[in-house]
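Chemist: What follows is each chain in one-letter form.
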Amino acid sequence: MAKVKIQVNGREVEVDEGLNLIEAARIAGVEVPHFCYHPGLGVDGNCRQCLVEIDGIPKLQIACNSFVKDGLAFRTDTERVTRMQAGVLEFLFLNHPLDCPICDQSGECLLQDYYISNGKYESRLDTDKRHKRKAVPVGPRVMLDAERCVLCSRCVRFCDKVTGTGEMRIVNRGNRAEITTYPDRPLENDYSLCTVDVCPVGALTSKDFRFRKRVWHLQSAKSLCTGCSRGCNVYMEHEGGKVYRYRPRENMHVNDFWMCDPGRLTYTPLNDERLDVAIVTGEERTLPESIEQVGTWINIAVASGQSDSVAVLVSPQSSTETLYAAKRFAKDILGGARIGGGNVRPAGVQDEILRRADANPNSKGLEMLGLSADPAAVLSAGGTVLLVIDDDPLGMNPDLAGAFGKFEHVVYLGSNENATSAKAEIALPITPHSECDGTFVNFEGRVQRFWKALTPRGDSLWSPTIMGRIAEFTGQEFGWKSVRDLWADLQKTEDAFAAIDYASLGEVGAAAGSGQPASASAE
Amino acid sequence: MQPYAKPNLDIAGREACHVESMGHSVAFSDASMERFRHLLTRYPNKQAALLPTLWMAQQEFGWISTEVIEYVSELLELPPSHVYGVVSFYTMYYRKPMGKYHIQLCTNLSCMLMGGSTVLDALQEKLGIGLGETTADGMFSLDEVECLAACEMAPCCQMNDEYHGPLTPESVGRFVDELRARGK
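Just so you know, the sequences run in chain order F and A. First residue of the first sequence: 1, per this note's numbering; consecutive thereafter. First residue of the second sequence: 524, per this note's numbering; consecutive thereafter.
No wet-lab data here; the hints were simulated from the structure. Ideal Cβ placement from N, Cα and C applies to all residues, glycine included. Each hint can be trusted.
Label pairs and their in silico Cβ distance ranges:
| no. | chain 1 | residue 1 | chain 2 | residue 2 | range |
| --- | --- | --- | --- | --- | --- |
| 1 | A | 564 | F | 207 | 45 to 53 Å |
| 2 | A | 655 | F | 79 | 40 to 48 Å |
| 3 | A | 668 | F | 117 | 39 to 47 Å |
| 4 | A | 655 | F | 183 | 17 to 25 Å |
| 5 | F | 212 | A | 660 | 51 to 59 Å |
| 6 | F | 87 | A | 668 | 25 to 33 Å |
| 7 | F | 57 | A | 653 | 49 to 57 Å |
| 8 | A | 706 | F | 86 | 55 to 63 Å |
For reference, chain F alone in the conformation it holds in the complex:
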């Protein structure tokens, strides 16, 4: 795209032609206050907060609907601009309740931020504030506080432009205006919680998150949603070892700015019913002695030349690293054990926006590693040891119990207590994607990173480490100290990953087919 030279507050920058002044200022490191403009929802021009002074134009112009051209110069720091911004804020605040201490948006509220930087005046309103509806459930997952709304219409435009469902609307006029849904048509589309993300103030809040945590206590890690094979990019927000919410993270190759509600609520297994210590026949044990027991069984099978009596059942829920370690474990350490996995997660809903029917985050990774997705071949003949890695195949498909019973020992490597961990003779705790670095490959073949957010809970270890320690009992080892070590091997031994460099995946991932990182925005 052609570049143009512009000046922002006297500083020259080069930006793409066609950008609006809010985006251009952002590139120059200047934030133009705004409520209604959102890059995913386009220009609306109703809030008037983004007025700037453009050289050669006598009146202030809204930055969202003014576009760069070569030689354009504008300022956001003049007396006129700040006076105007304070004036617009005064109008927005006329009827706005001053309930920040009990408002759940507090700390991530644009109105609060702008007022603190450019406001703090005495109210000139000498009549009562107009009161509107508070704490109204506008849908099963979203609460409305109409008094806090600044009528930016982002939620209205989201429901019109992105989901096409058109539930939200501004009704009435003047100081009576408020956002609402049509009677008996609640805001219940599969993306309704995105209205909470785009809401710049505390008018729309998430029922799942509200009043559970003050946002300034939260830490944020870049991660991925594991609800389906889209792999929406998210911020995993956590505090004190607990994940509180997912928020969509911009990735124009995958999910734009959005994510679906069911996916957003898939963080709970990271907190609840965790398997965080090793369990041997129902008793808690230390991890080393549990691993020793598994290693001994494996070693006997290998030493007696019965590698094929061992089977490894993997899952498309696992990270690429877990799958690769399991494959190397079966093929190299054991010298030819059966390995494969099953799409045990039942197919979900697929739509035209983001949701995919395949409810597994890494089906494509399984396929690219050449692993079968059919559990039958792995399980059919029975044997000595069955290693089950990740997810809950027995819980999803109780019919597998018979096949599991044909093995002398069932060992489970997983992050949660479930039907499979209960059935296993030994259950070993491995880190879920909140507690390690790694990758998933989405349905389009885009390899995407997730980042370690939390320290591993209890005795949990990274699954390749546990598999490596088991392997040591056969006198062999992987020698991987980190994801990078593992990826160096993965790139060498797996053709499908040969063109992908872990270090250059960056925040937006890389398409496996092209061999080119989609963007060079490294970590």
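Given the coordinates of chain F, assemble chain A onto it according to the supplied hints.
Modeler: Chain A alone, transformed into the frame defined by chain F:
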């Protein structure tokens, strides 16, 4: 100047029939439907015809009920919430049933100087209702409005589509009686 493009009545008609068959409790009469189809020819798309369609609906059904909003939203392929937003924005779309004769009295500057408020008092007393109310027999509704752009006949009122003025506390009594006789 070119006349309006000739309407494709067939297409509009078919869609309208489809909506009618969906079992709504309200539907345009044949004459209104003909006017509606003609209306559509004036706009680049159906959605643009919202305001006049609502106006026609109000003339036909008296007020804009929830059923009317849903009927219009299906006629024009708009979300009902959008139609609701538009209806609630404009005060001249009525969200409750109105009397047969809707008297809208101006109390803006010229009318007020010419005694509009005494006329308003007299009207309220004569009708036995306050502003924004409708008489029990459903004959009259009374509202106060801003300038009707007829200051030469101040103080004046708009009764349905007719302008009346200048009014006095005495003449409004006769005016109401005449209307009541006309309405029987």
